[in-house]
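Student: These protein sequences, in sequence, are chains A and B.
Using my numbering, read the first sequence as starting at 1 and increasing by one per residue.
Using my numbering, read the second sequence as starting at 1 and increasing by one per residue.
The hints are simulated quantities; they were obtained by calculation from the structure and are not laboratory data.
Wrong hints could be hidden among the right ones.
Simulated restraints on C-beta separations [said to hold, decoys possible]:
| hint | chain 1 | residue 1 | chain 2 | residue 2 | range |
| --- | --- | --- | --- | --- | --- |
| 1 | A | F170 | B | L124 | 48 to 56 Å |
| 2 | B | R143 | A | S50 | 49 to 57 Å |
| 3 | A | F61 | B | H108 | 48 to 56 Å |
| 4 | A | F54 | B | E109 | 28 to 36 Å |
| 5 | B | Q133 | A | C247 | 26 to 34 Å |
| 6 | B | Q133 | A | F21 | 34 to 42 Å |
If you're wondering where the values come from, they're calculated on a predicted model, not measured in any experiment.
Quick reminder that beta carbons are idealized off the backbone N, C-alpha and C, glycines included.
Residues per chain are reported as follows:
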Amino acid sequence: MKRKQRYTSSINLINWSILLFLVIAGVSLGTILEKALGTEGIHAYVIPRSGDIFDTLYNNFPAWIKAVFFTCSMSLVAVLLSTLLGITFGSLFALFRLWAFDRISQLAWSTPLVAVSVYLILLLGAGWAYGLAMGVFLGFYPIAKHSFEECIRKHEGVSALTAAFSLSRFQEFRHLRFSMVISRLGTALGTSVPLCFIGQTMAEYFIGSLTDWSPGLGGMLKVASNSANPYGEMWCSILLMMTLVFCCGKLIDYLWGRLYPETLNKQEAIV
Amino acid sequence: MKTDPLELRITLKKFYLSDHNHSLEIQPFEFTVDSNIPFAAITGPSGAGKTTFCRTFFHHYINSWIEDGCEVQFEKLYSLNGIALNHTKDVVGYAPQRPFFLPNKTIHENLCAPFGWKGKSAPLQSDVEKVCQIFFLDRTINRHISDLSAGELQRLNLARMLLAGPQIAIIDECLTSLDQELASQIVKNLHENYTDHSRFLIVTHRLTDLSYVPHVWVRFALEENSGDPAFFQKSVKVNIRENVKQNNLS
Chain A
1 MKRKQRYTSS INLINWSILL FLVIAGVSLG TILEKALGTE GIHAYVIPRS GDIFDTLYNN
61 FPAWIKAVFF TCSMSLVAVL LSTLLGITFG SLFALFRLWA FDRISQLAWS TPLVAVSVYL
121 ILLLGAGWAY GLAMGVFLGF YPIAKHSFEE CIRKHEGVSA LTAAFSLSRF QEFRHLRFSM
181 VISRLGTALG TSVPLCFIGQ TMAEYFIGSL TDWSPGLGGM LKVASNSANP YGEMWCSILL
241 MMTLVFCCGK LIDYLWGRLY PETLNKQEAI V
Chain B
1 MKTDPLELRI TLKKFYLSDH NHSLEIQPFE FTVDSNIPFA AITGPSGAGK TTFCRTFFHH
61 YINSWIEDGC EVQFEKLYSL NGIALNHTKD VVGYAPQRPF FLPNKTIHEN LCAPFGWKGK
121 SAPLQSDVEK VCQIFFLDRT INRHISDLSA GELQRLNLAR MLLAGPQIAI IDECLTSLDQ
181 ELASQIVKNL HENYTDHSRF LIVTHRLTDL SYVPHVWVRF ALEENSGDPA FFQKSVKVNI
241 RENVKQNNLS
């Protein structure tokens with residue numbers, strides 16, 4: 001088991017190293033090309049130029065901090081809401097044996113949710129909560145699907161405990177299934193959190209009201225698209241958003257690993 | 001003549017299970033466990049239906065597993081008399097191959113928590129300590145579940161099952177991660193401490209686990225006359241057929 005954990009850690013480390021290398025290589029390549037070919041040699045839309053990005057950040061640092069804070073806080077509220085709603089609905093569907101949810105979820109997953117959600121922004125978005133609605137809409141599904149599947153999964157250990165202590169279906173859910181849902185929630189959050197960030201940023205870009213306190217990273221992207229030299233700001237927004245998504249994903253991975261070490265996998269690997 | 005209060009005669013009259021891929025049929029058989037021979041060891045090749053047979057002791061498994069009729073009959077004597085098939089789960093304890101433990105909890109919490117769920121009083125501390133000593137968990141009782149090895153988890157699985165005080169304890173390959181010496185010692189401890197109120201059905205592939213206790217061997221055989229008839233008191237013929245779909249190739 002320890003060997004398997006070491007192997008998984010090594011794979012994770014390699015994945016993150018590759019991502020870090022690609023980011024550094026991309027920015028470096030842009031800088032080298034800029035030096036070699038001049039500013040007109042290659043379009044700034046294609047490759048980020050580190051000079052532009054750092055200038056943009058340095059010149060308008062407080063605004064970027066506000067944008068990151070706004071996007072981050074609204075996305076995390078969206079994660080919280082989608083988690084609560086996802087667990088509640090997924091578990092209720094399983095508790096009342098609403099098998100139709102399984103087919104509906106398959107249908108939902110096969111449709112381009114992100115594309116559809118752009119149109120839904122116009123219906124869902126209202127006031128300052130436009131991004132929240134989008135984030136919850138996108139982040140809800142992975143959590144609900146995870147909860148539903150954990151609650152309906154056949155597990156002979158759970159069946160044996162239920163029979164031995166004559167638990168009712170509700171007691172089985174409350175004491176056994178709910179623990180299973182929570183202990184494996186990290187994987188579902190790994191999908192849900194990036195979707196919440198993407199939904200929030202998209203909503204900010206499309207219908208964000210660019211007030212002084214709530215531009216968000218999507219709002220900064222929108223401001224950039226209307227300016228004379230947009231690419232520094234655009235790349236800055238995109239890189240910041242990617243950083244936030246990766247950091248949150250890694251943080252959740254780490255926290256869930258600490259809270260719930262691979263207990264369930266070990267139990268299932270006994271035989 | 002006084003009858004043994006826990007004489008358990010298991011008579012299988014008919015067992016047929018079928019799904020889309022295969023069908024399993026176990027021929028009728030009968031064996032008895034009592035105070036003289038409190039252990040029954042069920043053995044046989046993988047896929048012969050040992051676990052499936054054990055699961056049928058719970059009524060709800062029958063509903064969910066059997067499609068074409070299954071009948072497991074207990075001919076009960078004395079204290080087991082009057083227990084209907086759908087009430088067997090109240091007296092049967094089942095330690096499955098893949099147990100479930102509460103994540104993020106200690107051994108002690110995993111042993112005691114299920115009693116609180118049903119509003120039952122928590123087990124006595126002396127009982128918990130006794131069961132931990134029997135399964136050599138007394139030094140690790142406050143350890144977190146995630147820190148336990150596969151063998152320790154199997155011992156915890158057995159301890160939790162026996163703490164509920166079942167009259168019929170089914171142990172489904174729960175000694176596989178233990179070394180030979182420890183497995184034999186645990187079976188010996190079971191014999192010394194629990195056979196006054198429990199009878200044991202042990203599904204195992206390792207024939208030496210029960211060397212030091214009186215037992216009856218029941219072998220599920222896929223072929224006629226397999227195994228040594230002098231060694232296995234009961235040899236049960238099992239038929240497994242693959243349900244091949246008729247492809248209309250012509």
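Student: Evaluate each hint against the coordinates.
Tutor: Against the structure, the hints come out as follows:
Against the hinted window of 48 to 56 Å, the Cβ-Cβ separation of F170(A) and L124(B) comes to about 28 Å, which falls outside the hint. The beta-carbon spacing between R143(B) and S50(A), approximately 51 Å, falls within the hinted interval of 49 to 57 Å. Evaluation of the 48 to 56 Å hint for F61(A) and H108(B) yields a pass: the beta carbon distance comes to about 53 Å. Look at F54(A) against E109(B): about 53 Å separates their beta carbons, and that is not inside 28 to 36 Å.
For Q133(B) and C247(A), the Cβ-Cβ distance of about 49 Å falls outside the hinted range of 26 to 34 Å, so the restraint is violated. At about 55 Å, the CB distance of Q133(B) to F21(A) disagrees with the hint of 34 to 42 Å.
Against the hints set out earlier in the document, violations occur for numbers 1, 4, 5 and 6.
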